[in-house]
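Got chain A; can you put chain B on it based on the hints?
2 protein chains.
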Amino acid sequence: MSAQRSVRLRVFSLNCWGIRYLSRSCAQRYEMIAELLDREQHDIALLQEVWSEKDYLFLKRTLATSHPFTHYFRSGVIGSGLAVFSKHRIQDALLYRYSLNGYPYMIHHGDWFGGKAVGLVILSVCGMRANVYVTHLHAEYCRAEDTYLPHRTVQAWELINFIRHTSADADLVILGGDLNMHPQDLGTRLLRAHTGLRDSYAETDTFDGCEDGITLIADNPFTKKKDLLPFEKGIRIDYILIKGSNSVCVKCESMSTTKGAVPDKPFPYSDHESLTSQLLLLQQSDRMDGVGERHTDTGTPLRELVDVVSEARCVVKEGFRQTERLQLMAMCLLAVGLAFLLLPVTTLPWLYPHSHCVVSYSFLGLLGALGLAMVLSGALLYVLFTTQLKALRGTEASMKLATANLQEREGGCLEEGEEDEGGRVPSSPPHTARGEARSQPTPLGYED
Amino acid sequence: MSAQRSVRLRVFSLNCWGIRYLSRSCAQRYEMIAELLDREQHDIALLQEVWSEKDYLFLKRTLATSHPFTHYFRSGVIGSGLAVFSKHRIQDALLYRYSLNGYPYMIHHGDWFGGKAVGLVILSVCGMRANVYVTHLHAEYCRAEDTYLPHRTVQAWELINFIRHTSADADLVILGGDLNMHPQDLGTRLLRAHTGLRDSYAETDTFDGCEDGITLIADNPFTKKKDLLPFEKGIRIDYILIKGSNSVCVKCESMSTTKGAVPDKPFPYSDHESLTSQLLLLQQSDRMDGVGERHTDTGTPLRELVDVVSEARCVVKEGFRQTERLQLMAMCLLAVGLAFLLLPVTTLPWLYPHSHCVVSYSFLGLLGALGLAMVLSGALLYVLFTTQLKALRGTEASMKLATANLQEREGGCLEEGEEDEGGRVPSSPPHTARGEARSQPTPLGYED
Chain A
0 MSAQRSVRLR
10 VFSLNCWGIR
20 YLSRSCAQRY
30 EMIAELLDRE
40 QHDIALLQEV
50 WSEKDYLFLK
60 RTLATSHPFT
70 HYFRSGVIGS
80 GLAVFSKHRI
90 QDALLYRYSL
100 NGYPYMIHHG
110 DWFGGKAVGL
120 VILSVCGMRA
130 NVYVTHLHAE
140 YCRAEDTYLP
150 HRTVQAWELI
160 NFIRHTSADA
170 DLVILGGDLN
180 MHPQDLGTRL
190 LRAHTGLRDS
200 YAETDTFDGC
210 EDGITLIADN
220 PFTKKKDLLP
230 FEKGIRIDYI
240 LIKGSNSVCV
250 KCESMSTTKG
260 AVPDKPFPYS
270 DHESLTSQLL
280 LLQQSDRMDG
290 VGERHTDTGT
300 PLRELVDVVS
310 EARCVVKEGF
320 RQTERLQLMA
330 MCLLAVGLAF
340 LLLPVTTLPW
350 LYPHSHCVVS
360 YSFLGLLGAL
370 GLAMVLSGAL
380 LYVLFTTQLK
390 ALRGTEASMK
400 LATANLQERE
410 GGCLEEGEED
420 EGGRVPSSPP
430 HTARGEARSQ
440 PTPLGYED
Chain B
0 MSAQRSVRLR
10 VFSLNCWGIR
20 YLSRSCAQRY
30 EMIAELLDRE
40 QHDIALLQEV
50 WSEKDYLFLK
60 RTLATSHPFT
70 HYFRSGVIGS
80 GLAVFSKHRI
90 QDALLYRYSL
100 NGYPYMIHHG
110 DWFGGKAVGL
120 VILSVCGMRA
130 NVYVTHLHAE
140 YCRAEDTYLP
150 HRTVQAWELI
160 NFIRHTSADA
170 DLVILGGDLN
180 MHPQDLGTRL
190 LRAHTGLRDS
200 YAETDTFDGC
210 EDGITLIADN
220 PFTKKKDLLP
230 FEKGIRIDYI
240 LIKGSNSVCV
250 KCESMSTTKG
260 AVPDKPFPYS
270 DHESLTSQLL
280 LLQQSDRMDG
290 VGERHTDTGT
300 PLRELVDVVS
310 EARCVVKEGF
320 RQTERLQLMA
330 MCLLAVGLAF
340 LLLPVTTLPW
350 LYPHSHCVVS
360 YSFLGLLGAL
370 GLAMVLSGAL
380 LYVLFTTQLK
390 ALRGTEASMK
400 LATANLQERE
410 GGCLEEGEED
420 EGGRVPSSPP
430 HTARGEARSQ
440 PTPLGYED
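These protein sequences, in sequence, are chains A and B.
Numbering-wise (numbering that gives the first Met the number 0), the first sequence opens with residue 0 and increments by one.
Numbering-wise (numbering that gives the first Met the number 0), the second sequence opens with residue 0 and increments by one.
I should point out that these hints are in silico values taken from the structure, not numbers from a laboratory.
C-beta atoms are modelled at their ideal positions from N, C-alpha and C, and glycine is treated no differently.
Hints are supplied without guarantee of correctness; some may be wrong.
Just the calculated beta-carbon pair ranges, DEER-fashion [what the hints assert, rightly or not]:
hint: 1; chain 1: B; residue 1: Ile106; chain 2: A; residue 2: Thr146; range: 30 to 38 Å
hint: 2; chain 1: B; residue 1: Met328; chain 2: A; residue 2: Glu252; range: 32 to 40 Å
hint: 3; chain 1: A; residue 1: Thr345; chain 2: B; residue 2: Ile106; range: 23 to 31 Å
Next up, chain A with everything else stripped away, as it sits in the complex:
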């Protein structure tokens, strides 16, 4: 029998809502957050929306003693907003930028400028290798008509694959952050099923916090009540997810969230509530197969894995069609802009004899300027949507490959008539494969 060693690890996660000059009481709240982290001495603090590097540097200086190891992930125009503060040495770090992240012209939403990503830091915790991930997915804004759902689904899929491919030799996996997804939303189910990560809220022994673990609460003065509807009390979109390995068992002993108001302070830490999970790590002194959890097996039945990917593929396909429409509109804008731009050139000889016609000249000048703006915008939007179509198509192909391999594991066959990337067409005999492949129907018409 191998010896067991137990270690306790306290993990903290908070979306700081740190938009300088826009988020209310930003500087004071950062001071409160620094005070909280310094006092509570969590092992690992995972922060999101630390948009300004100056605020990160303030936290870094203030927490130099309590959390001497830090990493800040830079991405996009403003930054990824992701920061890690740790008591344990950060041995390595890697950032993965999501391929889709909203639209630059939705300036009032601003997600595009944030360069959303997942950050990985590798920590050595009492000799164990902990892969700690922090992320922040695209916001929802309108649940009834969620135009960002395909983008968030692509992000969730990329997050899953990044975690799966980078955590093979981890003793312990922790993911913290603002997923902007409810516990039963597609992306959350996909994430849990395909990584084997478990929700620490769902399995904690004791919990002290908001009802149902909600992290965006109606009682918080910074949240807009109408954004939460139809969920009157609030929603749960921030998580700490955990997973062990065949050398370490992990369980959540206790969990807590802040509850809006902070004693002796005029306002809460953020518009989100913070989460703290106390984890118990049971380390086997010898790595043994069958003991603890296995990385390759997520514990979800294969059929369920296939079903949830199929559901996600439908969302991505719908996103593809939606983006194709947007690309067409960009092309129309470009064409109209070109017409506006050519109009002054073609009508100038006609106007020239009547050179007193000042109004027409000004009008044509305006038309030209408008045309130029439309051509530039149309071209840029065309480039943007083409890039997004590539990303959506790439994700769909990746999901198709995953489905084919799951079905292969299940011992089943591919759906009739469906050709997979990375897999053969099982129903086609070799001598007909070349000719027939051309006529295979593909769901999005990618075949030429």
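Only chain B this time, still in chain A's reference frame:
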């Protein structure tokens, strides 16, 4: 003593130069490439510059029997150009897009539109897990004044980290592609030192191909001789790199390249030469530490690892300064554009009484259009360079963290007065750390 099993694996790599309507004899060359692959029956073919999905689909159909498993990596506006054709089942795939990849306004170079990336496919080769990477880094264009060196160095660093973090449970690692770097260039040295990947050309038992293994040769009618200068015969920038694990030993038995002209064909396959490596895999039936190669140890002395990262950091810092200057120029363009745009508005009341002044109106109209174009371009360039500064800063921080951890492993100390991301300031006692951290000098002035 554990039993040994040997497996032979033939790997092929080619930059196809597949720009539809621009690359000479593109369609005919794809037919030749398909014929070659079908005839040679390599286990794995790694292709770059397959820019058009239609050409990929042509290859996929033609090679349906010889290489039934394929994956195409989609990225950027045009695509990543990366494709894998395999005899062995592709179990999984992941794409990592490089954060820096040239400039969109350098349309004649076009790299930015390609969305350069590294693609990973995971293959099952006779029960062994092979992580196969394919990539294509930013081109050099002018060796004497290589403005893309920081971008290529960032790409090399991201490639290294992606391979390191995703290959932990691989029995075998293969990287093929056009690195656009000579064997002794900084990026190539960085790659070999930090991943432990070995150049199959450098260690092959037998070689049949161009002199010195060059892959861009002067004798190829598609290459421009002046682009190769001062290397009269040509340069070696395409590679197949290999690495085993503690369960599999890998060595290159033989290697070959094409030599420009193809017998019975009017032209070569591409402007690059193709590479073929025959690998011998010696598989231990039991995983044993100390047997084969170890993933964590790249075999390079720690001092050398630190030195090569320091060299790369200098290049990235220079890139940062260069991009800061570009950002300043974008701001100037924006300011001048704003002035041009405001000029018509401010001078209009003055011009109004002289409404016969047609020339002035037209002139002001033109000025307004020019101003608008300048404002839009300036704003977009500002966004572009800000994003690039974030990526450069992120890479520099990642290199700093790597250096600190290498020095920690070496048992040494950080350089005097240098504060590391992810590591503490060793010379500062805890009680002074907060106050002193503010005044720490940082090389790029990131402190507020």
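Verification of the hints:
Taken as a hint, the range 30 to 38 Å holds for the pair Ile106(B) and Thr146(A), whose Cβ atoms sit roughly 31 Å apart. For Met328(B) paired with Glu252(A), a C-beta distance near 56 Å fails the hint of 32 to 40 Å. For Thr345(A) and Ile106(B), the Cβ-Cβ distance of about 27 Å falls inside the hinted range of 23 to 31 Å, so the restraint holds.
Taken one by one, the earlier hints fail for this structure only at number 2.
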